[in-house]
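Q: If you want the building blocks of each chain, they are given just below.
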Amino acid sequence: MDLKEKLLSSYLVFEDHVDIDTYVHNLRNDAIKIFEDKGFPTKKEEAWKYTSLNKILKEDYSVFPKQENAIEYNDVKKYFIHDIDSYKIVFIDGKYSSHLSQTTHDGMDICLMSAALTKPKYRLIIENYFNKAATKDSLPSLNTAFSSEGAYIHIPKNKMVEKPIQIIHFSTGNESALMLQPRNLIVVDENSHVQIIERHQSLTNSPVLTNSVTEIFTNKRAIVDYYKIQNDSLNASLIDNTFIKQKQESVASVHTFAFGGNLVRNNLNFYQHGERIDSTLKGVTIIGDKQHVDHNTLVHHIEPNCESHQDYKGIFGENSTGVFNGKIIVEKEAQKTNAFQANNNILISDKATINTKPQLEIFADDVKCSHGCTIGQLDESALFYMQSRGIPKKEAKALLMYAFSNNVLSSVKIPEMKQRITKIIANKLGVNLGFDL
Amino acid sequence: MLKINNLHASVEDKSILKGVNLEVKPGEVHAIMGPNGSGKSTLAAVIAGKEEYEVEKGNILFEGEDIEELSAEERAHKGVFLSFQYPVEIPGVSVTNFIKTAINESRKAKGLEDMPAKDMLKLIREKADLLEIDRKFLSRSLNEGFSGGEKKRNEIFQMAMLNPKLAILDETDSGLDIDALRIVANGVNKLKSKDNAVVVITHYQRLLDHIVPDFVHVLYNGKIVKSGTKELAHELEEKGYDWIKEEVNA
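Sequences listed follow chains A and B, in order. Residue 1652 in my numbering is what sits at position 219 of the first sequence, and the numbering runs on without skipping anything. Residue 221 in my numbering is what sits at position 218 of the second sequence, and the numbering runs on without skipping anything.
Same shape as in the complex, but just chain A (with noise of 0.2 Å):
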């Protein structure tokens, strides 16, 4: 049985589990249809192009894990930005830890969509916010199909949420193969702000094929800083579905820093429904072996008087492969546009491969766009000043490419964020500088 028709058969399972009277069913009844009519996408979408899910489905993933496993928090301390107070919702093979959580309700919802999903006081925000960002394309829609646990956050007005939040998904391996789709769900109301980190770690060498989706809703005035850590085991894949819809005066950022796992797709999608608003989507891509790295970013101008920012750097080395492709659409209405893409790459081994494609549809005439890609190699003539001062060639090469990822490490705000993607940054280059940029 290919995963295809698994998954449509578990449907029909979960479907028995599943209080069949909410407005998130019918949702969910819908979705499947989708997925069942579209299947998963192939290379003959123009989306999908340079991206090939064939070899990660062959997998037998079990979709639904048999057994709950623990975990001790020493054991897996390293994956926590542990040097910070912080809120933290954490996730072993799919099910809620309590045990790894810190979660609340004091003033503010940080805590699980299985509650929002069940529970009536969510259901307003449920009924106003879940799946209202979300496309209909197959990979979200069979995610909200089976969606059942994530995180679920909402900030109320006037809040500043001092401490950051990290969400966190393991997977021990216990199953041989496992399918994971989380579902996140965030709010955050006028002139709040709140910073999130997400990570995806399989601690085994198992298989896993993560398809999660996040919506976000940025309020009037509301900042949302988001980070996600990518950096997990070569035999776990992601499709990261992410849908930040804005409201007027809103600041919404995504840092994605992808050091790999097998395949990594990112589809990142900022929609500005109001007029000041501000986007920022930034990304380090640092890959080796046969790891694939996907960044498919859009962000959709609609209103006046908006700016969005993107700069992803991408060094790519030994057989690995780069796609990215961004698509801005300015809107007729969205006159006084400031859209700015840059989407560098070094590539460090002959077989390498990059490919990227921007992409820009402007219907209105009184805008500013634009874009730029770059591939190249390290720079020779650099190289040879450092070692004439002394720098080995390794931590010469180490250097240039830190420099090359600064731009982007230089907007994160959190310092000990920083520091940790500094860290695993030279851990990947294997070298030891002893500064940070």
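Just so you know, these hints were derived from the structure itself, not from any lab. Beta carbons: idealized from backbone N, C-alpha and C, even for Gly. The reader is advised that the hints may include incorrect statements.
Reference excerpt, derived from the structure (chain A facing chain B, CB under 7 Å, subset only) [claimed, not checked]: (1) Ser1814; (2) Ala1815; (3) Phe1817; (4) Tyr1818; (5) Gln1820; (6) Ser1821; (7) Arg1822; (8) Gly1823; (9) Pro1825; (10) Ala1836; (11) Asn1839.
Based on the hints, put chain B in the right spot on chain A.
A: Frame of chain A; chain B shown alone:
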């Protein structure tokens, strides 16, 4: 300290140095002059260990050791320093972090611990003052958006920090106004001692008014065709290079 014997070098199969002989002893200042395209910068790059240059014949001895097989960083660790004609911009790495890394990598190569942060800071301040470098300048990205004068001052600042035995200054005077020239030359002079040596590569005589050479060599068509004292530099300034070319071709 430096002994170059019958050095032939090429880049991409194009022969550039065609038999250079040069000996530099501790405490000496040598100037290498010559018309454009004579091989001056190539000679500097070959001594510093640029990989693209192929040594075809002859050798370079540094303190008696043949350094041909050594990488550029190994030569730097032994005390060779090259001040670049066109220093490379490295956005995202501050002047301070760059020089810290350079110093600690050199120490590491000698089996020493990193320099304590306090000592490093003191040294940086001392050398920055020597080159009349503003503190704010030190936190800027290396050479990014620097003026010609700032780049060259930064080169000599790094030289001061690394304290090399042999400093090769490749066209350090190009792009400098008279004040910057004075500051740079003053820095070099203060760093001079009986134990180290300086090779100044220049097209013009004006830098040599400030850094006074013991010997002046003329490089033409890949060979040193004439050597003399500082008076030779004055003669070249007055008469140009044509008479040298005629002498050689005669």
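Q: Does the nearest C-beta of chain B fall within a distance shorter than 7 Å of the C-beta of A/Ser1821?
A: This hint holds: A/Ser1821 lies near chain B, its Cβ roughly 5 Å from the closest one there, short of 7 Å.
Q: If you take the shortest Cβ to Cβ gap from A/Arg1822 to chain B, is it below 7 Å?
A: holds (4 Å)
Q: Was the hint right that A/Asn1839 lines chain B, CB cutoff 7 Å?
A: Holds: closest Cβ of chain B sits about 3 Å from A/Asn1839, inside 7 Å.
Q: Can the hint on A/Gln1820 be confirmed by a CB-to-CB distance to chain B that is less than 7 Å?
A: Because about 4 Å separates A/Gln1820 from the closest Cβ in chain B, which is inside the 7 Å limit, the hint holds.
Q: Was the hint right that A/Tyr1818 lines chain B, CB cutoff 7 Å?
A: Where the cut-off is 7 Å and the nearest Cβ of chain B is about 4 Å from A/Tyr1818, the hint holds.
Q: Under the criterion of a CB-CB separation shorter than 7 Å, is A/Phe1817 in contact with chain B as hinted?
A: holds (5 Å)
Q: Does A/Gly1823 hold up as a contact with chain B if the rule is Cβ-Cβ below 7 Å?
A: holds (4 Å)
Q: Do the numbers back the hint for A/Ser1814, that is, is its least Cβ distance to chain B under 7 Å?
A: Holds - the Cβ of A/Ser1814 comes within 7 Å of chain B, reaching about 6 Å at its closest.
Q: Min Cβ distance, A/Pro1825 to chain B: is it shorter than 7 Å?
A: This interface hint holds because 5 Å falls under the 7 Å limit.
Q: Would you settle whether the hint for A/Ala1836 is holds or violated, based on the nearest Cβ-Cβ distance to chain B being less than 7 Å?
A: holds (3 Å)
Q: Does the CB of A/Ala1815 sit less than 7 Å away from some CB of chain B?
A: Constraint on A/Ala1815 satisfied, holds at 5 Å.
The structure fails none of the hints (numbered hints given earlier).
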